[in-house]
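Undergrad: Listed below are the residues making up each chain.
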Amino acid sequence: MATEAQVLDAIRAIARSELELERPIVPEDDLLGDLLLDSLGLTVLAVGLENRFRVKLSEEDASGVQTVGDLARHVASRTGEA
Amino acid sequence: MRAARLHGAPQPRPRHSSLNEALERAAVSGRPGLTFVAADETETSLGWDAVRERAAAVAGALVSLGVRPGERVALVLPTGPDFMDAFFGTLLAGAVPVPLYPPVRLGRLPEYHLATARMLRLSGAVALLSDGRVGRLLGEAVRRAGPRLGLRNVAGLREAGAGPVAREGDPGALAVVQFSSGSTVDPKPVALSHRAVLAQTDALRALMPDDTPDDPQLGVSWLPLYHDMGLIGCLLSALTYPGPLVLLGPEVFLGRPALWLRALSRHRGTMSVAPSFAYAVCARRVKDAEMEGVDLSRWRLALNGAEQISAEAARRFSERFSRWGFRPAALMPVYGLAEAALCVTFSPPRAPLRSVALDPVELARAGRVRPGGRVLASVGMPMPGVSVEIRDESGTVVGEGVVGRIFAHGPSVMDEYLGQPEATRAVLDGGWLDTGDLGFVQDGELVVCGRAKDVVVLRGANHAPQEFEDALDGVPGVRLGCAVALGFVPPGGDGEELLLLAETTAEAGSDLADRIRAAVAERTGMRPHTVQLLSPGTLPRTSSGKLRRSEALRRWTTGTLHPPARMTAVRMVCEMLRSAIALVRARPQPEPET
Chain G
1 MATEAQVLDA IRAIARSELE LERPIVPEDD LLGDLLLDSL GLTVLAVGLE NRFRVKLSEE
61 DASGVQTVGD LARHVASRTG EA
Chain D
1 MRAARLHGAP QPRPRHSSLN EALERAAVSG RPGLTFVAAD ETETSLGWDA VRERAAAVAG
61 ALVSLGVRPG ERVALVLPTG PDFMDAFFGT LLAGAVPVPL YPPVRLGRLP EYHLATARML
121 RLSGAVALLS DGRVGRLLGE AVRRAGPRLG LRNVAGLREA GAGPVAREGD PGALAVVQFS
181 SGSTVDPKPV ALSHRAVLAQ TDALRALMPD DTPDDPQLGV SWLPLYHDMG LIGCLLSALT
241 YPGPLVLLGP EVFLGRPALW LRALSRHRGT MSVAPSFAYA VCARRVKDAE MEGVDLSRWR
301 LALNGAEQIS AEAARRFSER FSRWGFRPAA LMPVYGLAEA ALCVTFSPPR APLRSVALDP
361 VELARAGRVR PGGRVLASVG MPMPGVSVEI RDESGTVVGE GVVGRIFAHG PSVMDEYLGQ
421 PEATRAVLDG GWLDTGDLGF VQDGELVVCG RAKDVVVLRG ANHAPQEFED ALDGVPGVRL
481 GCAVALGFVP PGGDGEELLL LAETTAEAGS DLADRIRAAV AERTGMRPHT VQLLSPGTLP
541 RTSSGKLRRS EALRRWTTGT LHPPARMTAV RMVCEMLRSA IALVRARPQP EPET
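Chains G and D, in that order, are what the protein sequence lines are. Residue numbers are given in the working numbering: position 76 of the first sequence equals residue 76, and the series is strictly consecutive. Residue numbers are given in the working numbering: position 184 of the second sequence equals residue 184, and the series is strictly consecutive.
Treat the hints with caution; some may be incorrect.
Stated by the list, open to error - Partner residues are not named here, just some residues of chain D that face chain G (Cβ under 7 Å, in silico):
1. Leu6
2. Ala39
3. Glu251
4. Gly255
As the list claims (entries may be wrong) - Straight line, CA to CA, 20 Å or less: simulated EDC-like cross-link-like pairs of lysine to aspartate or glutamate:
5. D:Lys287 / D:Glu41
6. G:Lys56 / G:Glu4
7. G:Lys56 / G:Glu81
8. D:Lys287 / G:Asp70
9. G:Lys56 / D:Asp210
10. D:Lys287 / G:Glu18
11. G:Lys56 / D:Asp40
12. D:Lys287 / D:Asp40
13. G:Lys56 / G:Asp70
14. G:Lys56 / D:Glu41
15. D:Lys287 / G:Glu20
Because the hints were derived from the structure by calculation, they are not lab data. Using N, Cα and C, we set each Cβ at its ideal position, and we do this for glycine too.
Next comes chain D alone, as it looks inside the complex (with noise of 0.2 Å):
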């Protein structure tokens, strides 16, 4: 049997020492820049020299406040000009900017404080650069983690006149501070040098097409820019390329899906990449009246990855878009994590999607593969420079075909978590980083399979969460996806036992408990122990909305496993009231002017 070792093409030669010269670079270059869509459409742009001029003039300021190279200046801010100057302003302030989530429109603020304020003090954020409509939100989280140059203005920051100013980026350097959207751990800071982001966007520009006056390459991209996909895959790639990208915020793609192919066509696109929900939304809700005149015969890479990839999915998205010239060859699954600072591997052109369909419980029980009902999508094989190895417990590769942790070596590869010796320890050993993810090698590829944090241990045998979780799909009365699976042991039990806990719709009646029972047993062979239903929003997730299981557990076992607090006016006020006494508290720290 072959062991389950794979290996990627050579690394390319580094293109740039640093962040700072690739700007340079594409600032001299005289290639298209940036251009940024709103939601009725209306387009603003910005070259590639105007970014760098803005930058320098944000970081004049930043450094006469008394930023100093290598402190980490945090930013939350939409996707626009202003996040371009806060980043790059950062960078040339030889400073390390660390991108956060934005507040959720309508959504839970006390929450967002809370996680806010946890990142800022996490990542040794010294300073935090917003904009007037969102800084007014960010007091509370500041007046928490207590940054030692406050809350600032970036507009503020750009007009102040302190002069440009573009220090040297050091290739070994911390370059970027990401947070990881692991579901099975709390967010952790991801540091990564430039060399580190460097090898990542020169591995992926390996696996671009070449402009050329005949075939001009165009990136589109809809995803947040606080997260590698959007960040790296995105937008410093198109700098490093350097070439053209378009911009829409997660927000208007949200709002209206169809702009993002429309931004394709209208660009003459010929990459974008998101993960698999956006392909089944794209899917389901635009219509064909939104595609007149639509054109996608150009996009030649539709990358898929971020998460567990549904074939299904991309058989609908192919098949709904391909009238309008969309290529099913295009759709690309990859795989990768924010440790690995984005990419590990991905799947060359060709349709349909190769998959495997495997009895889950084998799968789980035995790590064989066995076939069944449960269809995987293979995602590839490694990067240029990147290698992967299924390992089993005791750390030795396994054979192809067996379910093993995934373990991935390259240059892009994080450093550490920032200020976390032990947490690095437990996932870098050698240079190899074990993803904390399930897989196996079939065909020289990889098939991702689940998660190796979040196993369930039953009567001796390891079983993936998805797999009871996957059970209550169609179940009427449980919300689709919402959903966990987990290990756990009753008091006077004789050992480990399933538990489900389960959102409820308003479909639930009151004998869903003894339905999902059933749905389980049936589908898995497994009988839960416990089912706990809950209050829609009560699961908690990461940013990127992957649900936390073990935390769930945490919450479950310690009684904290509560519906979310509803945001009334009185609330709301209160939390205004503290903002704002925070903000007066902060002084001589001014407030951002607005």
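Next comes chain G alone, as it looks inside the complex (with noise of 0.2 Å):
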């Protein structure tokens, strides 16, 4: 089981190596509004979590999340459940 600071390395990671943001990323940021995530860069990055975490990300339940934070927290808590 992963921890919510732990998804959040990896964000900052995929956003660094595989999105190309230089920006230093928070918790707070929104991930369309602040990191400016298009379709492509919000597939790259699901993709990238779930390999990493060994979770699927279902459209369904991530739809509710919002911003960095939300994200780390629902895969944190999606590892909890394997």
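Since each chain comes alone in its own frame, lean on the hints to assemble the complex.
TA: Structure (structure tokens):
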């Protein structure tokens, strides 16, 4: 089971290496509004987290996710289910 | 001056009378079938015989549900065995598969529901096939469109034990409906007969190397199966070859682009096709460590199409991956559109790409090809069986080197936009398809340089919107590739003026509109009348991500161009409730098993 902090680190790593985002990322960042991710960017991020934490993010429950913090919490809770 | 008219080699003789027959022949061929690669690089194989057997079971269930020959059955499924069961099961039931795109992870559902419902209605689908996971999100779309047989789980159909069915396919009958990704119009249901699809795969086969013991052929694709390039260019090509195809889901590629190249290496792949941006993404994101032990030297056909080809991206890809055996001559630009089943022209293997550098202003204003700074790649010569003409506004074929509308003729051109005679008449005349694209012929090859339906007319001169949009590349604060240029008539004005709608990034300053005006003026000599800055995601796009200019203009003109709605937890619950209510209302149609 992963902690939110571990997921947050992974989000930062994906943002830097895969999404080429240079800015620092904080949990309050809005995925669309602050990180300016489009559907491609969201897919890259979601799939990167799925691969890293061996979870399957369904379109359904992940749609309630709005900020980086929401996403970290969501992924951490999903890793706890296994 | 020679007329701008090109002819491909003769169309090869048909190898099959229907896709159903092709599946039957592949199943007994003993040739390798499909391999699915997951994100962790584990693989699942499905032989063509297993594809047929599973499809026959699904067909039995569809027939006993009451699906009649010729009826459309929509499918929303990720790349995997379930997709094959649904697609080929529908065909074996004598019905017509309509693959639609699945929702995007972390994506916006309300727009997805609307678009899916619309496509269900336009295609006249009697049922929607899905799996348990994606199916949960489709209730709203099904409620809105109301297909007669509702939403069905393909695994449930396969296991229903209705007994296998394999109806014949009639060559002239409708085989597949695919939605066009035309940037300028709403998605339209493109109706393709068995004959048209097979003419396309026969022509593609003529371009492919022969399979021999010393030189076995194998395709690899991560392209979505709800668009022509993945469905017809990869899956149905492999079916009719028949031969092996290694499939990754688009999300697998986007999550980690190296997996595409690694699959090509691991399976000794010889053929793969992708849009220009994929080559650019690989050059940028794939790391050396991910390429350890990779050998791309067997990759013979690296087709590049589906969008304007960036000669620069192609060059960067070739440079980056030649170390791992990639052959630059393998990169071959192709041009096509859903209305022609897929491919219209292809370029022969050669390196570097043939390209022309043109003056974009002169090109749009006078339709003349003059040297300048805009680099365009040649997309080569017509496919076997295909003819191409460049025509002016009056319908007369122009001379070589003159820009006009690209028309295509050939056996894989669609029959119609399903149930839309007026829209069909607008693009089809005497078997000639108006592609809506602008291009010219130079040295016996086609160069695509814009889209006719998006022309901006300023002071009597025609301009391609790309001309202005390209001027914004590199302007800090403008999202790359997220701006549209349009013509509009301001109230009280003398005539059409230039409007720029641009999505902004965090770097946008208060003077951004001025800097955009300056950049456009400097690059094109035209000064925008109005520059409108927008939040990211506001501009409407097609399912394949192309900007929809005329829709953007329509929304801007009508004051309905708004940023995307955010999906909150509360709204999500409301959406879910509505879906649940829809399913209850839809009874006695059963909820799909999960």
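Undergrad: Each hint needs a verdict: does it hold in this structure or not?
TA: The hints, checked one at a time:
At about 35 Å, the closest approach between the beta carbon of leucine 6 (chain D) and any beta carbon in chain G exceeds 7 Å, and the interface hint on this residue is violated. A least Cβ separation of about 5 Å between alanine 39 (chain D) and chain G falls short of the 7 Å threshold, and the interface hint therefore holds. The restraint placing glutamate 251 (chain D) at the interface with chain G holds, with a minimum CB-CB distance near 5 Å, inside the 7 Å limit. Residue-level restraint check for glycine 255 (chain D) holds (minimum Cβ-Cβ distance to chain G is 3 Å; threshold 7 Å).
Distance restraint check for lysine 287 (chain D) and glutamate 41 (chain D): the Cα-Cα separation of roughly 17 Å lies within the 20 Å cut-off, and the hinted pair is therefore satisfied. Using a Cα cut-off of 20 Å, the hinted pair lysine 56 (chain G) and glutamate 4 (chain G) holds, with the two alpha carbons roughly 17 Å apart. Our distance criterion of 20 Å between C-alpha atoms is met by lysine 56 (chain G) and glutamate 81 (chain G), whose separation comes to about 11 Å. Proximity of lysine 287 (chain D) to aspartate 70 (chain G) is assessed by CA-CA distance (about 29 Å); at most 20 Å being required, the pair is judged violated.
Among the hinted pairs, lysine 56 (chain G) with aspartate 210 (chain D) is inconsistent with the structure: their alpha-carbon atoms are about 40 Å apart, more than 20 Å. Note on lysine 287 (chain D) and glutamate 18 (chain G): the hinted pairing holds, with a Cα-Cα distance of about 10 Å set against a maximum of 20 Å. The suggested pairing of lysine 56 (chain G) with aspartate 40 (chain D) holds, with an alpha-carbon distance near 12 Å, which does not exceed 20 Å. A C-alpha spacing of about 17 Å is found between lysine 287 (chain D) and aspartate 40 (chain D), which places the hinted pair at or below 20 Å, so the restraint holds.
For the given pair, lysine 56 (chain G) sits about 16 Å from aspartate 70 (chain G) by alpha-carbon distance, which is consistent with the 20 Å threshold. For a cut-off of 20 Å, the pair hint linking lysine 56 (chain G) to glutamate 41 (chain D) stands: about 15 Å separates their Cα positions. Of the supplied pair hints, the one linking lysine 287 (chain D) and glutamate 20 (chain G) holds, its CA atoms being roughly 13 Å apart against a limit of 20 Å.
In summary, the structure is inconsistent with hints 1, 8 and 9 from the numbered list given earlier, while agreeing with the others.
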